[in-house]
Amino acid sequence: DAMVIQNPRYQVTQFGKPVTLSCSQTLNHNVMYWYQQKSSQAPKLLFHYYDKDFNNEADTPDNFQSRRPNTSFCFLDIRSPGLGDAAMYLCATSRGEGTYNEQFFGPGTRLTVL
Amino acid sequence: GDSVTQMEGPVTLSEEAFLTINCTYTATGYPSLFWYVQYPGEGLQLLLKATKADDKGSNKGFEATYRKETTSFHLEKGSVQVSDSAVYFCALAANAGGTSYGKLTFGQGTILTVHP
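If you read the protein sequences in the order shown, they are chains B and D.
Read the first sequence against the working numbering and you will find it ends at 1048, with the numbers running on by one and no gaps.
Read the second sequence against the working numbering and you will find it ends at 145, with the numbers running on by one and no gaps.
No lab work stands behind these hints, which were simulated from the structure alone.
Certain hints may be false.
Said to hold, decoys possible - 30 Å max Cα-Cα, derived DSSO-like pairs, lysine-lysine:
| id | chain 1 | residue 1 | chain 2 | residue 2 |
| --- | --- | --- | --- | --- |
| 1 | B | Lys-986 | D | Lys-106 |
| 2 | D | Lys-132 | B | Lys-972 |
| 3 | D | Lys-132 | B | Lys-978 |
| 4 | B | Lys-978 | D | Lys-89 |
| 5 | D | Lys-132 | D | Lys-81 |
| 6 | D | Lys-132 | B | Lys-986 |
| 7 | D | Lys-132 | D | Lys-89 |
| 8 | B | Lys-986 | D | Lys-89 |
| 9 | B | Lys-986 | B | Lys-951 |
| 10 | B | Lys-972 | D | Lys-106 |
| 11 | B | Lys-986 | D | Lys-85 |
| 12 | D | Lys-89 | B | Lys-972 |
As the structure is a prediction and not an experimental result, all values here were calculated from the model.
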């Protein structure tokens, strides 16, 4: 089945130690998104790629970076994780950027910062 | 800016009860509206959507109608099951700056628990 895959499902890192989260998709979608979801809160968009064009949300901290080496893969890099970065990180894809385009979500990576 | 407001939860129902989860929105232009469901330990799944006023989205017995006059998109189901226990998010995708853009703005989520 076509899907959005996130690895790992659970990630533990230490305060200040860089960490990378991975997302891959078999849907061949143009757009890939990264969301941060803190406990009992709504997902918050960090950034998205339309093909290779990167679009950062205005309030996304500089500590968060992303790479998309090809259509299938997208990475979220947290350069110096703080305790406040502990959250579920959701990757999503869509065929295009139109408002009618459904976003398909992966299962998420739960990040713990010690 | 754009915003979505959902009724506060948690909502606890008995099996076969009627469900309503209220959702209202604020947006410029003509947004598309969505309901997503998140089961424990999983990502979000699209439940239903409506892309213009008076459209009704429906799936798995759930329905929601896009009401522009009341800026609402309430989720309903006539008879809930234990398997419907999950977190439900209302969301909108609005045009930004005159260009078509699929950014989702979510409500805070409503926890639904259905007891046998």
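We went through each hint and held it up to the structure:
1. B:Lys-986 with D:Lys-106: 41 Å, violated
2. D:Lys-132 with B:Lys-972: 18 Å, holds
3. D:Lys-132 with B:Lys-978: 10 Å, holds
4. B:Lys-978 with D:Lys-89: With a Cα-Cα distance of about 27 Å, the restraint between B:Lys-978 and D:Lys-89 holds, given a limit of 30 Å.
5. D:Lys-132 with D:Lys-81: 17 Å, holds
6. D:Lys-132 with B:Lys-986: The hint holds at about 17 Å.
7. D:Lys-132 with D:Lys-89: Holds. D:Lys-132 to D:Lys-89 sits at ~25 Å (cutoff 30 Å).
8. B:Lys-986 with D:Lys-89: 36 Å, violated
9. B:Lys-986 with B:Lys-951: 27 Å, holds
10. B:Lys-972 with D:Lys-106: 28 Å, holds
11. B:Lys-986 with D:Lys-85: Not satisfied, since the Cα-Cα distance of roughly 35 Å exceeds 30 Å.
12. D:Lys-89 with B:Lys-972: 28 Å, holds
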